[in-house]
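Count along the sequence shown from 1, add 546, and you get the number used in our numbering.
FYI, nobody ran anything at the bench for these hints, they're computed from the structure.
This one's a predicted model, so the numbers in the text were calculated from it and none came from an experiment.
Quick reminder that beta carbons are idealized off the backbone N, C-alpha and C, glycines included.
Honestly, I wouldn't trust all of these hints.
[To be verified] Within a straight-line C-alpha distance of at most 20 Å, the following computed SDA-like cross-link-like pairs (lysine to any residue) qualify:
hint : residue 1 : residue 2
1    : K695      : I550
2    : K695      : N548
3    : K620      : G608
4    : K695      : A630
5    : K620      : I553
6    : K620      : Y693
7    : K695      : V629
8    : K695      : L616
9    : K695      : Q552
10   : K695      : W619
[Said to hold, decoys possible] Between beta-carbon pairs, the in silico distance windows are:
hint : residue 1 : residue 2 : range
11   : Y693      : W587      : 38 to 44 Å
12   : V694      : G648      : 38 to 44 Å
13   : A590      : Q671      : 18 to 24 Å
14   : P574      : M599      : 17 to 23 Å
15   : L579      : G640      : 26 to 32 Å
16   : S647      : Q586      : 18 to 24 Å
17   : A651      : G563      : 23 to 29 Å
18   : Y693      : L566      : 22 to 28 Å
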Amino acid sequence: MNLIAQIASLLLGLLGGALLLLALAFVPYWQSLDPLEFTQWFAANLHFIADAMMPIGFSATGITLLATGLAVWKHLPTRRWLVAASVITLCMFGTFPIYFSGANAALAEGAMSAAEASEQLAQWQGVHWFRTVAAIAACFCAISAGYVKTGINPS
Numbered sequence: 547m548n549l550i551a552q553i554a555s556l557l558l559g560l561l562g563g564a565l566l567l568l569a570l571a572f573v574p575y576w577q578s579l580d581p582l583e584f585t586q587w588f589a590a591n592l593h594f595i596a597d598a599m600m601p602i603g604f605s606a607t608g609i610t611l612l613a614t615g616l617a618v619w620k621h622l623p624t625r626r627w628l629v630a631a632s633v634i635t636l637c638m639f640g641t642f643p644i645y646f647s648g649a650n651a652a653l654a655e656g657a658m659s660a661a662e663a664s665e666q667l668a669q670w671q672g673v674h675w676f677r678t679v680a681a682i683a684a685c686f687c688a689i690s691a692g693y694v695k696t697g698i699n700p701s
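Make a model of the complete structure from these sequences and hints.
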């Protein structure tokens, strides 16, 4: 059980780091581009970002839910931290179907004006910061679960 929670911590850390990279490196670069150039870049490269992010996101969410389910089922003291990690992870993961799938498609389509593209990117950045902070918070919760005294002898 502890190994599963550790893997969840690792995957949530990878996800949080990848989201932080997008927030601190990619978004400023995108903002430096002309809006038309940005939408062209986004359309040409979105699949690379999705191909990297989706497996990490699905894996982190699935393993976190598994660790939480096992902790709740076994009534382990770690369950509170893992439930918090799962709730936060689900909120973070929910931003994709609720916001990012439509926003990414609209930006990649390139059919909006320069002002609309700039406005959409600013909104994208705000929602992205929410999911970045959520992923880091979920990672913190999963790591914190490892510091709860379980009273279980690992040997």
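Against the structure, the hints come out as follows:
{"no.": "1", "hint": "K695 - I550", "verdict": "17 Å, holds"}
{"no.": "2", "hint": "K695 - N548", "verdict": "12 Å, holds"}
{"no.": "3", "hint": "K620 - G608", "verdict": "18 Å, holds"}
{"no.": "4", "hint": "K695 - A630", "verdict": "17 Å, holds"}
{"no.": "5", "hint": "K620 - I553", "verdict": "18 Å, holds"}
{"no.": "6", "hint": "K620 - Y693", "verdict": "17 Å, holds"}
{"no.": "7", "hint": "K695 - V629", "verdict": "16 Å, holds"}
{"no.": "8", "hint": "K695 - L616", "verdict": "17 Å, holds"}
{"no.": "9", "hint": "K695 - Q552", "verdict": "15 Å, holds"}
{"no.": "10", "hint": "K695 - W619", "verdict": "17 Å, holds"}
{"no.": "11", "hint": "Y693 - W587: 38 to 44 Å", "verdict": "43 Å, holds"}
{"no.": "12", "hint": "V694 - G648: 38 to 44 Å", "verdict": "39 Å, holds"}
{"no.": "13", "hint": "A590 - Q671: 18 to 24 Å", "verdict": "20 Å, holds"}
{"no.": "14", "hint": "P574 - M599: 17 to 23 Å", "verdict": "18 Å, holds"}
{"no.": "15", "hint": "L579 - G640: 26 to 32 Å", "verdict": "29 Å, holds"}
{"no.": "16", "hint": "S647 - Q586: 18 to 24 Å", "verdict": "20 Å, holds"}
{"no.": "17", "hint": "A651 - G563: 23 to 29 Å", "verdict": "26 Å, holds"}
{"no.": "18", "hint": "Y693 - L566: 22 to 28 Å", "verdict": "23 Å, holds"}
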